[in-house]
Amino acid sequence: MANWNAEPVSPETHASVVSAAAQTWRRPPLIRSRALRWILGAGALTYLTFALGSLEVSWLRLYQGLERGWRFIQGFLLPDFVSRWSDIMIGMQESLTMTLTSTVVGVLISVPVGIGAARNLASPPVYLLCRGVIALARSFQEIIVAILFVAMFGFGPFAGFLTLSFATVGFLAKLLAEDIEDVDESQTEAIRATGAGWWQLINYGVQPQVMPRLIGLSCYRLDINFRESAVIGIVGAGGIGATLNTAMDRYEYDSAAAILILIIAIVMAAEYSSGFVRKWVK
Amino acid sequence: MLRIEHLRKRYRTGDEALRDVSFTVPRGQITGLIGPSGAGKSTLIRCVNRLVEPTGGRIFLDDLNVTALSRSQLRKARRRIGMIFQEFALVERLTVMENVLSGRLGYVPFWRSFARRYPPGDVDKAFALLERVGVLDQADKRADALSGGQRQRVGVARALEQDPELLLIDEPTASLDPKTSRQIMRLIREICAERNLPAIINIHDVVLAQAFVDRVVGLRAGEVVFDGLPNALSPEVLTRIYGEEDWTTLHSRQDREADDARSLDGREIVDGELERRASLA
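If you read the sequences in order, they're chains A and P.
Going by the numbering used here, the residue at position 262 of the first sequence is 1308; the numbering climbs one at a time, nothing skipped.
Going by the numbering used here, the residue at position 113 of the second sequence is 174; the numbering climbs one at a time, nothing skipped.
Just so you know, these hints were derived from the structure itself, not from any lab.
Quick reminder that beta carbons are idealized off the backbone N, C-alpha and C, glycines included.
It is possible that part of the hints are untrue.
[Claimed, not checked] Take a look, some chain P residues computed to stay more than 10 Å from chain A by CB distance: (1) E114; (2) P296; (3) T300.
[Unchecked claim] Cβ-to-Cβ under 7 Å is the rule here; a few derived chain A residues that face chain P: (4) G1121; (5) P1125; (6) S1232; (7) Q1233; (8) E1235; (9) T1240; (10) G1241; (11) A1242; (12) W1245; (13) Q1246; (14) N1249; (15) Y1250; (16) G1262.
Throw the hints in and build the complete structure from the sequences for me.
Below is the structure:
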C-alpha cells in the first residue's frame, strides 16, 4: 500500500482518494441532519400513540358483533340458493347487463378522451379539456356518483349503468393516455416521415403499440365493474347489490351467502379468462 | 437536388445544434455525414423533412422551399423523402408487409390505409421491393420476429415504397454487426445507383463511411468543418472533426479495409460510379 502511494504517477489524483487504512462507506442519508432525523422519528411515533389512544372501542358492542358474525359464518356454511333463486337471477342478470354495457360504452368514450389527453398527440386546449374530464371522472368514488344518478334517474340499473360508464372513463382514459405518452417515439417518427396524416399516424404508429394494453385494461375494468355493480346496488342502483342488500336487511344470511358465493365465482371466472385474453393478444 | 442554405437550429433548451450549415447534394450522390456525438448530424437530417423544425435558413428540394411549406404541403413533400433509421423504427406489432405499405401513407386516403386495402400497384411494388431486399418470404411475419439485418432491409423497402427522390439515412448500421453493416451499406449503395438517388447518411463509423460514400461532410458543434472526398480524411482532418486523438491505428486498418471493400464491390463500381467519384475531386 505504501508502495502504491509512493508511485510518482499522477500523485495528486491518487493521494486524495486512496489512504492506507481500510475505509468504511455508508449510503448518504435522505435527511442529512442527525438531530432532525431523530425529531421527525420521535414526532411520528408520538402522533401514532395518541391517534391509537383516541379510538373508542366498545368491547360490549364488539362482543355482540362477534355473535352476529358467527351467525353470518353459519349462514355461509349452509348457503341457500333456492328460496330466493328468482330474485338472485334477476339481480345477476341486471348486474351482468350493467357491467357489460357500461364497460363497452366506457371504453368507446375512453379511447377518444385518452387520445386527447396524451400530451404527445393532442393540442394544448384539447389536452386540458380531456385531462379535465378525466380528473372529474376520477375525483368521485363510484358510490357518490351512484347516489347522484339514483337521485337524478330513479332507482334501478340505468343509474348503475351511468355510474359505471362514468367511472370506466376516468380509469381507462387516464391509463390509455399514459400508455400513449410512453409509446416508442421512433416508430411514430418513422410513420410521420412517410407523409402520413394525423389519423394514419394514430392507426399505424400508435394503435399497434397500445392495443394489447388497452385490451388488457378493458378486461380488467370489466372485472372491476362487476364487483362495483354489487356495491352500488346497495345505494339503489339496481343489480345484484340490491338483492344482497335486501337479503342482509331481512337477516337472511344464508341467501346473502349464496349471492356472495356467486359473485366470487363470477369474478374468478372473469379473472381467469382475462389472463387468457391478455396472453393471446400480446 | 437538395440545397441547404444557412441552416440553423436552436433547441428550446438553448442548445445550438446547427449554426449556419450550407451544402448541396446533387442527384445520385451519397453524402456521408460524420462527426462526434452531439455535433448535430441527427438534427440536420431531421430538419430536411422537418421532423425537427429549423430555426433559420432554407432547404430546397429542387425548387421547392421545404422550410416554407404549410402542413398539408409538407405531407406531400415528405412523400418524396424516404427515411431509414438507426434502430430500424419499424412498427413492431405490424407485419412486414404493413410496414412496407406504410410507405404509401402519404399517397392513399385514410380509409384505404385503415382497411389495409391498398391499390394493387402499391402491393405489387411492395412485393417487388421485399424481393429486391431479400426478405420476401418474411412478408406476413410480425416485424419484431425478424433479425436486425432483416429489419433494416424492411426499413429500406419501406423508404423505397414511397418512390422517394431523396433518402435520409440516420446511422443505418449502428445496431448491426460488422458483416450485416457492410451488407446493408452495400444494399443502400446499389439501390441509390439503380435509381440515381441522392442520399445523406449519418454514420459514425469512419471506416465504413470511407468504403461506401461518394463524399464526406464533417460536422463539429453544428458547423461544417470538412467537405470533400472520403480518401481526403487524413489524421489532420479527423482531428479537426473529432478532436485530438491518435488516428494512426484507424488509418492503417482503414486502408486495408477500403481495399477490401473496393474489391468486394468491384462489380458495382463500374464506369458511371468511378466517373462520379472522379468528378467530385
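Each hint, compared with the structure:
1. E114: holds, 13 Å
2. P296: Non-interface label on P/P296 holds, nearest chain A Cβ at 27 Å vs cutoff 10 Å.
3. T300: holds, 25 Å
4. G1121: violated, 50 Å
5. P1125: Result: violated, 46 Å to nearest chain P Cβ.
6. S1232: holds, 4 Å
7. Q1233: holds, 5 Å
8. E1235: holds, 6 Å
9. T1240: holds, 5 Å
10. G1241: Because about 2 Å separates A/G1241 from the closest Cβ in chain P, which is inside the 7 Å limit, the hint holds.
11. A1242: Holds - the Cβ of A/A1242 comes within 7 Å of chain P, reaching about 4 Å at its closest.
12. W1245: holds, 5 Å
13. Q1246: holds, 5 Å
14. N1249: holds, 5 Å
15. Y1250: Since the shortest Cβ distance to chain P is 5 Å, the answer is holds.
16. G1262: violated, 14 Å
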